[in-house]
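There are 2 protein chains.
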Amino acid sequence: MRVVVYGAGQLAQMMYLAGSPLGIEVQAVDVNNDTVVHPVSKSPLDTSLDQALEGADALTVEFEHVPEHLLEEATKTGKLMPSIESILVGADRVREKALLEGMKVANSAHRIVTHLEQLDECIETLGEKLILKSSRDGYDGYGQWRLANKEELPELKRALATLNLEKVPLVVEKMVPFERELSLIGVRNKQGDVRTYPLAENLHYQGQLHVSVAPATHVDDALQAKAHDIFVKLAEGMDYVGVLAVELFQCGDELLVNELAPRVHNSGHWSQSGAVTSQFENHLRAICGLPLGDTSAIGPSAMINIIGCSSFSRELLSIDGSHLHWYGKSVREKRKMGHINVTTDSYTKLGEKLHDLSQYLPLEYFPKLIGEAKRLKG
Amino acid sequence: MRVVVYGAGQLAQMMYLAGSPLGIEVQAVDVNNDTVVHPVSKSPLDTSLDQALEGADALTVEFEHVPEHLLEEATKTGKLMPSIESILVGADRVREKALLEGMKVANSAHRIVTHLEQLDECIETLGEKLILKSSRDGYDGYGQWRLANKEELPELKRALATLNLEKVPLVVEKMVPFERELSLIGVRNKQGDVRTYPLAENLHYQGQLHVSVAPATHVDDALQAKAHDIFVKLAEGMDYVGVLAVELFQCGDELLVNELAPRVHNSGHWSQSGAVTSQFENHLRAICGLPLGDTSAIGPSAMINIIGCSSFSRELLSIDGSHLHWYGKSVREKRKMGHINVTTDSYTKLGEKLHDLSQYLPLEYFPKLIGEAKRLKG
Numbered sequence: 001m002r003v004v005v006y007g008a009g010q011l012a013q014m015m016y017l018a019g020s021p022l023g024i025e026v027q028a029v030d031v032n033n034d035t036v037v038h039p040v041s042k043s044p045l046d047t048s049l050d051q052a053l054e055g056a057d058a059l060t061v062e063f064e065h066v067p068e069h070l071l072e073e074a075t076k077t078g079k080l081m082p083s084i085e086s087i088l089v090g091a092d093r094v095r096e097k098a099l100l101e102g103m104k105v106a107n108s109a110h111r112i113v114t115h116l117e118q119l120d121e122c123i124e125t126l127g128e129k130l131i132l133k134s135s136r137d138g139y140d141g142y143g144q145w146r147l148a149n150k151e152e153l154p155e156l157k158r159a160l161a162t163l164n165l166e167k168v169p170l171v172v173e174k175m176v177p178f179e180r181e182l183s184l185i186g187v188r189n190k191q192g193d194v195r196t197y198p199l200a201e202n203l204h205y206q207g208q209l210h211v212s213v214a215p216a217t218h219v220d221d222a223l224q225a226k227a228h229d230i231f232v233k234l235a236e237g238m239d240y241v242g243v244l245a246v247e248l249f250q251c252g253d254e255l256l257v258n259e260l261a262p263r264v265h266n267s268g269h270w271s272q273s274g275a276v277t278s279q280f281e282n283h284l285r286a287i288c289g290l291p292l293g294d295t296s297a298i299g300p301s302a303m304i305n306i307i308g309c310s311s312f313s314r315e316l317l318s319i320d321g322s323h324l325h326w327y328g329k330s331v332r333e334k335r336k337m338g339h340i341n342v343t344t345d346s347y348t349k350l351g352e353k354l355h356d357l358s359q360y361l362p363l364e365y366f367p368k369l370i371g372e373a374k375r376l377k378g
Numbered sequence: 001m002r003v004v005v006y007g008a009g010q011l012a013q014m015m016y017l018a019g020s021p022l023g024i025e026v027q028a029v030d031v032n033n034d035t036v037v038h039p040v041s042k043s044p045l046d047t048s049l050d051q052a053l054e055g056a057d058a059l060t061v062e063f064e065h066v067p068e069h070l071l072e073e074a075t076k077t078g079k080l081m082p083s084i085e086s087i088l089v090g091a092d093r094v095r096e097k098a099l100l101e102g103m104k105v106a107n108s109a110h111r112i113v114t115h116l117e118q119l120d121e122c123i124e125t126l127g128e129k130l131i132l133k134s135s136r137d138g139y140d141g142y143g144q145w146r147l148a149n150k151e152e153l154p155e156l157k158r159a160l161a162t163l164n165l166e167k168v169p170l171v172v173e174k175m176v177p178f179e180r181e182l183s184l185i186g187v188r189n190k191q192g193d194v195r196t197y198p199l200a201e202n203l204h205y206q207g208q209l210h211v212s213v214a215p216a217t218h219v220d221d222a223l224q225a226k227a228h229d230i231f232v233k234l235a236e237g238m239d240y241v242g243v244l245a246v247e248l249f250q251c252g253d254e255l256l257v258n259e260l261a262p263r264v265h266n267s268g269h270w271s272q273s274g275a276v277t278s279q280f281e282n283h284l285r286a287i288c289g290l291p292l293g294d295t296s297a298i299g300p301s302a303m304i305n306i307i308g309c310s311s312f313s314r315e316l317l318s319i320d321g322s323h324l325h326w327y328g329k330s331v332r333e334k335r336k337m338g339h340i341n342v343t344t345d346s347y348t349k350l351g352e353k354l355h356d357l358s359q360y361l362p363l364e365y366f367p368k369l370i371g372e373a374k375r376l377k378g
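Just so you know, the sequences run in chain order A and B.
As numbered in UniProt numbering, residues 1 to 378 make up the first sequence, in order.
As numbered in UniProt numbering, residues 1 to 378 make up the second sequence, in order.
Derived from the structure by calculation, the hints contain no laboratory data.
There may be inaccurate statements among the hints.
The calculated DSS-like cross-link candidates involving lysine-lysine, where the alpha carbons are at most 27 Å apart (straight line), are [unchecked claim]:
{"no.": "1", "chain 1": "A", "residue 1": "Lys233", "chain 2": "A", "residue 2": "Lys104"}
{"no.": "2", "chain 1": "B", "residue 1": "Lys377", "chain 2": "B", "residue 2": "Lys349"}
{"no.": "3", "chain 1": "A", "residue 1": "Lys133", "chain 2": "A", "residue 2": "Lys334"}
{"no.": "4", "chain 1": "A", "residue 1": "Lys226", "chain 2": "A", "residue 2": "Lys190"}
{"no.": "5", "chain 1": "A", "residue 1": "Lys329", "chain 2": "B", "residue 2": "Lys377"}
{"no.": "6", "chain 1": "A", "residue 1": "Lys104", "chain 2": "A", "residue 2": "Lys76"}
{"no.": "7", "chain 1": "B", "residue 1": "Lys42", "chain 2": "A", "residue 2": "Lys42"}
{"no.": "8", "chain 1": "A", "residue 1": "Lys190", "chain 2": "A", "residue 2": "Lys129"}
{"no.": "9", "chain 1": "B", "residue 1": "Lys377", "chain 2": "A", "residue 2": "Lys42"}
Just the calculated beta-carbon pair ranges, DEER-fashion [stated by the list, open to error]:
{"no.": "10", "chain 1": "A", "residue 1": "Ala98", "chain 2": "B", "residue 2": "Pro44", "range": "37 to 43 Å"}
{"no.": "11", "chain 1": "A", "residue 1": "Ala222", "chain 2": "B", "residue 2": "Ala106", "range": "57 to 63 Å"}
{"no.": "12", "chain 1": "B", "residue 1": "Ser43", "chain 2": "A", "residue 2": "Ser330", "range": "52 to 58 Å"}
{"no.": "13", "chain 1": "B", "residue 1": "Gly328", "chain 2": "A", "residue 2": "Gln51", "range": "18 to 24 Å"}
All residues carry an ideal CB built from backbone N, CA and C; glycine is no exception.
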């Protein structure tokens with residue numbers, strides 16, 4: 001079987017590595033120039049995009065910001081999974097909010113803003129603590145602004161003055177006093193079978209994911225079941241096929257959906273060595289119509305992103321249960337260069353291993369590591 | 001880092017898949033025509049063999065029968081691991097026996113035969129139940145003959161008459177009444193660190209490995225320690241670097257070395273999902289001078305070879321804990337086409353899962369499966 005992935009970054013690369021043992025050949029599309037490349041070497045393959053689409057059994061995406069004309073072309077083949085509608089929900093916060101509201105899935109109170117004057121109204125209805133998010137093209141913390149109190153409003157309006165809000169509206173959300181950020185990675189295949197992974201707990205810094213721990217600590221069956229139910233409602237409602245990531249805020253026993261990512265997700269990378277079947281293998285199984293693999297955790301795992309840094313001691317591999325995933329990219333500030341997975345059999349040991357890991361890493365690039373090691377060690 | 005593997009079959013392919021996350025690019029040499037190919041697609045790479053050797057950080061082999069002139073060329077670079085001497089031990093049973101004898105490692109009583117008349121002497125000293133093995137180029141049951149009693153000797157001599165035994169001697173072994181065949185996969189890195197995997201139990205049919213179970217059932221600490229000690233003696237004695245497979249006969253509490261394979265080995269494939277670190281990753285870590293990964297088992301695993309058959313139901317993936325590894329080769333009689341790994345948390349469940357698996361497979365190609373399922377279910 002053959003799968004074509006729009007996008008030629010690390011997610012396509014990890015799909016390739018997961019697909020090869022199943023006899024699934026993954027090809028990647030560099031959407032900057034519409035060429036078909038090898039997902040690992042990035043070398044051009046001897047095939048045109050049209051030929052690749054023709055020869056593929058399934059088409060999918062590694063990110064939601066694929067140019068729409070490509071998604072439309074892919075849709076015409078009848079092989080695109082998830083569907084263009086599902087992908088665009090992930091690419092546009094206005095559509096995303098409409099979907100959540102339509103399905104009555106709990107999310108942050110919000111308003112859609114197309115004119116700056118509406119911000120005063122937002123403060124009246126949502127309160128003065130607000131998060132403003134560009135509805136498109138914003139991720140990893142880009143295109144986000146915060147309002148801490150209404151005195152900041154004039155300055156914020158000046159900052160936003162150059163934006164064309166009629167074209168790209170803002171989603172303005174009430175700042176939720178959540179306890180922590182969780183994510184649920186789940187998968188639904190062509191046959192409609194659903195499996196969800198244990199909830200992951202995510203630590204961000206400056207808008208980027210730095211550390212995930214899965215299964216998240218202090219999750220009882222009821223909370224996991226609630227997350228599972230949210231996933232089923234969304235995935236069935238969208239007739240979704242593939243891996244879908246649901247980012248959540250936990251507020252006591254409640255879960256609010258923050259964001260959807262219609263693809264394999266950074267907070268699911270722990271599954272490569274921490275779950276029976278990785279999210280990459282399950283995504284391919286799902287879109288190829290194969291039975292889904294077991295999503296159970298093998299033991300407590302942590303995923304540590306390597307961001308903006310390429311120089312560290314490979315001696316970190318001496319830590320039992322650690323696995324390096326290096327993407328082979330040239331280093332740039334804030335760029336995700338790779339990640340480290342660590343799996344063990346207790347949270348205490350996981351904390352100890354994160355502490356061990358910290359000795360091999362330049363800590364200025366890993367601002368969340370020591371704190372998380374301490375928390376897990378207890 | 002870059003590693004060049006002599007041989008472009010499934011072992012090089014699985015090394016590539018294991019190396020990529022570590023940032024190790026694996027290239028394969030098709031030794032039939034000295035071209036450098038991609039280990040998965042088998043497409044020629046845009047590099048000559050000389051350039052590839054020049055650009056590599058380490059050179060290794062996926063099989064021991066690499067033409068000697070290539071191994072000599074590789075040796076000159078100073079990058080070949082394991083060494084040419086270690087590889088040739090695996091390719092030549094006369095050298096292998098000399099090594100075992102020299103290191104005083106227990107193995108089957110045997111004689112080296114260069115003239116057919118010596119067979120009578122073999123019967124006198126070793127008894128009339130014998131196994132005769134061609135000292136070179138024989139594997140997967142090829143180049144082996146059995147003598148059940150001395151009345152068969154004239155017929156056997158006729159069968160062997162065309163062989164040039166002075167050029168390729170026979171190793172004639174006393175047939176050992178062993179209880180079962182085990183193998184120990186171990187790894188030693190450039191720094192001299194050693195790790196061994198739990199013993200695997202191997203079921204053969206017509207000279208080919210069909211099923212491995214690891215950790216082998218009914219292995220106490222003393223037996224595992226004995227196997228580990230054999231490995232250390234051999235690996236240190238040979239100054240071995242990389243994964244080395246030691247095939248063993250168990251006779252009560254005793255272990256006799258049957259064969260050495262200076263490479264990743266079919267009986268270690270279970271480690272891909274059944275151990276913390278796979279043999280493929282550990283081989284690459286070893287030859288690249290990286291710390292070795294944890295060789296502990298995650299749970300009882302079985303590896304089932306798919307031999308000479310390409311048609312079976314992919315619904316077997318519905319069995320939780322099952323993983324398919326498909327090599328992408330065209331089907332031929334007795335050819336290894338792929339394997340299935342199954343990992344779970346008890347031998348009873350493993351037996352049940354093998355039973356489930358049998359429902360999806362054409363059993364004429366899997367003659368050991370049902371029996372092993374029954375044995376494990378107990």
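Status of the hints after comparison with the structure:
A distance of roughly 9 Å separates the Cα atoms of lysine 233 of chain A and lysine 104 of chain A; the hinted pair therefore holds under the 27 Å criterion. With a C-alpha separation of about 7 Å, the suggested pair lysine 377 of chain B and lysine 349 of chain B falls inside the 27 Å cut-off, and the hint holds. Restraint check for lysine 133 of chain A and lysine 334 of chain A: satisfied, since their Cα atoms lie roughly 20 Å apart, inside the 27 Å limit. Between the alpha carbons of lysine 226 of chain A and lysine 190 of chain A the distance comes to roughly 24 Å, so the proposed pair stays at or under 27 Å and holds.
A hinted pair counts as satisfied when its Cα atoms are at most 27 Å apart, and lysine 329 of chain A with lysine 377 of chain B does not qualify at roughly 48 Å. At roughly 31 Å between alpha-carbon atoms, lysine 104 of chain A and lysine 76 of chain A are farther apart than 27 Å, so this suggested pair is violated. For the proposed pair lysine 42 of chain B and lysine 42 of chain A, the alpha carbon gap of about 16 Å is at most 27 Å, so the pair holds. At most 27 Å may separate the alpha-carbon atoms for a hinted pair to count; lysine 190 of chain A and lysine 129 of chain A exceed this at roughly 42 Å.
Between the alpha carbons of lysine 377 of chain B and lysine 42 of chain A the distance comes to roughly 47 Å, so the proposed pair goes past 27 Å and is violated. Between alanine 98 of chain A and proline 44 of chain B the C-beta distance comes to about 51 Å, which lies outside the given range of 37 to 43 Å. Distance hint check: the CB atoms of alanine 222 of chain A and alanine 106 of chain B are about 58 Å apart, consistent with the given range 57 to 63 Å. Taken as a hint, the range 52 to 58 Å is violated for the pair serine 43 of chain B and serine 330 of chain A, whose Cβ atoms sit roughly 25 Å apart.
In this structure the hint that glycine 328 of chain B and glutamine 51 of chain A lie 18 to 24 Å apart at CB holds, the actual value being about 20 Å.
When the structure is compared with the earlier hints, violations turn up for hints 5, 6, 8, 9, 10 and 12 and for no others.
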